[in-house]
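Q: Each chain, letter by letter, is given below.
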Amino acid sequence: MRNLIEFLLRYNAFFLFIALEAFAVYLMVNYNDHHNKVALHSSSVVSGALMKRFDSLQDYMRLKTVNDSLANQYNRFLNQDTSAYYQHRTEIHESNDSLYERNYSYLSAKVINNSTDRPNNYITLQRGSKHGIESNSGVLSGDGLAGIVLKTSKNYAVVMSLLHRDMRVSAKIKRSQHFGSLVWRGNNPRIMTLEAIPKHAKVVKGDTILTSGYSTKFPADLMIGIVKETKIEPGSSFYTIDVELNTDLTNIEYVNVVKNLMRNELLELEKSVKNE
Amino acid sequence: MNSSVLIANIIRFFALVLIQVLILKNVDFGTYAPYFKVFLYPLFIFMLPLKLPTWASMLVALVFGLTIDMFYDSAGLHAGTCVAVAFARPMAMKLFEPRGGYDINQNPNKNDLGPVWFIQYAAVLMLVFVVTYFIFETFLFEKLGLAFIKAVLSYIVSFPVVLLFVYIFNPKY
Numbered sequence: 000m001r002n003l004i005e006f007l008l009r010y011n012a013f014f015l016f017i018a019l020e021a022f023a024v025y026l027m028v029n030y031n032d033h034h035n036k037v038a039l040h041s042s043s044v045v046s047g048a049l050m051k052r053f054d055s056l057q058d059y060m061r062l063k064t065v066n067d068s069l070a071n072q073y074n075r076f077l078n079q080d081t082s083a084y085y086q087h088r089t090e091i092h093e094s095n096d097s098l099y100e101r102n103y104s105y106l107s108a109k110v111i112n113n114s115t116d117r118p119n120n121y122i123t124l125q126r127g128s129k130h131g132i133e134s135n136s137g138v139l140s141g142d143g144l145a146g147i148v149l150k151t152s153k154n155y156a157v158v159m160s161l162l163h164r165d166m167r168v169s170a171k172i173k174r175s176q177h178f179g180s181l182v183w184r185g186n187n188p189r190i191m192t193l194e195a196i197p198k199h200a201k202v203v204k205g206d207t208i209l210t211s212g213y214s215t216k217f218p219a220d221l222m223i224g225i226v227k228e229t230k231i232e233p234g235s236s237f238y239t240i241d242v243e244l245n246t247d248l249t250n251i252e253y254v255n256v257v258k259n260l261m262r263n264e265l266l267e268l269e270k271s272v273k274n275e
Numbered sequence: 000m001n002s003s004v005l006i007a008n009i010i011r012f013f014a015l016v017l018i019q020v021l022i023l024k025n026v027d028f029g030t031y032a033p034y035f036k037v038f039l040y041p042l043f044i045f046m047l048p049l050k051l052p053t054w055a056s057m058l059v060a061l062v063f064g065l066t067i068d069m070f071y072d073s074a075g076l077h078a079g080t081c082v083a084v085a086f087a088r089p090m091a092m093k094l095f096e097p098r099g100g101y102d103i104n105q106n107p108n109k110n111d112l113g114p115v116w117f118i119q120y121a122a123v124l125m126l127v128f129v130v131t132y133f134i135f136e137t138f139l140f141e142k143l144g145l146a147f148i149k150a151v152l153s154y155i156v157s158f159p160v161v162l163l164f165v166y167i168f169n170p171k172y
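Protein sequence lines correspond, in order, to chains F and E.
Take the first sequence: its position 202, counting from 1, is numbered 201 in numbering that gives the first Met the number 0, and each next residue is one higher.
Take the second sequence: its position 53, counting from 1, is numbered 52 in numbering that gives the first Met the number 0, and each next residue is one higher.
Among these hints, one or two may not hold up.
Dumping the calculated DSSO-like pairs for lysine-lysine here, alpha-carbon to alpha-carbon at most 27 angstroms [said to hold, decoys possible]:
hint, chain 1, residue 1, chain 2, residue 2
1, F, K36, E, K171
2, E, K24, F, K36
3, F, K216, F, K153
4, F, K270, F, K258
5, F, K129, F, K36
6, F, K173, F, K201
Quick list of the computed label-pair ranges, beta carbon to beta carbon [as the list claims (entries may be wrong)]:
hint, chain 1, residue 1, chain 2, residue 2, range
7, E, T30, F, L7, 46 to 56 angstroms
8, E, D27, F, L56, 54 to 64 angstroms
9, E, N169, F, A48, 36 to 46 angstroms
10, F, V44, E, G144, 12 to 22 angstroms
11, E, K24, F, H40, 44 to 54 angstroms
Hints are computed from structural coordinates only; laboratory data are not their basis.
Note that the Cβ used here is the ideal one computed from N, Cα and C, for glycine as well.
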């Protein structure tokens, strides 16, 4: 303490000089516009840099809270997003013409589940009985067939994919109009087998295969695929034809469900004949 | 300190303030006005008694500077500069100390210590004055170069005025 006082006394002029200059600068900054502005500017530069550092530190400390609130917000947006809701709106374009009576109507549906790698594959659609889908309706993909509706609930429908062991689609060869039955043998999702084409029919590689229209499920003359390979198994009187499907069922997103408006009439008629 | 020295300094205080604010303040350099400023009043600090302690001369310089500031409407600017000059004064005295030191009766004027001593002494303190003044005036470290240019130009016009004053009035105390 004594040393300090001695030190201060010894350099009294210097300390007084500092004090007086501080006073003078104080006056300058407080009573002169220019000095005031400069001082404010400099202090804002210094304090600004300091505040920035401090602020980034605070931001870091707050990360946990911010994360939590962001997670909550994300959850809220997710719940508000249309993907969380079931779309009830359907659009079917009608044309009224007395020469033609509508036989089929098509209903677009989004695929929400699909499999292609199992022995029996199914497709689930985001449309159901509420939208007029009935079981045993055909389902078309963009450039070919997709399957047959198996079962419907209010909002959903399960479709038996073409890639199902029990699948039978009536198909014909475009060139010769011979018809047979298309089945899947369970290995390649692009290849189906056309059976029951008689031996005498002329089938060559590249022939087009169309739907026959012999069922109530699909309209006639829809493209199914092309002949890839033909063979006749020993002792058989029918061809076994490998058909390459026009559609790739592994990446379908939207399908159209076929609704046959005259189906009941047809079925009743056929039934009455059988009953006689 | 005898009374004649005190009276001489009091008279010099008011005389230099009046000359500075009534005459030199109004010297107009037109567009170059910011670069040329004529300062005579620091002479008062130069000529304070040699034996006056530094703390006392700094306080006197502060009051003197504040008086000038009142007329220049620049609170603290001249006061701070005057304090700096008062602080530098003992160093300048030490720098030009004659062989055998200063006599107790000597006053810092050209009669007691000789014209060469006085001119050297005043030249150094005047330099301290202008440099300090323009640093304070600019106040921005970015513009220190400009401050030094102004200081040199003002020094060129101010120092001859100081010498002129000393040679005309030839103050004894």
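Q: Going through the earlier hints one by one, which of them does the structure break, listed in rising order?
A: Violated: hints 1, 5, 9 and 11.
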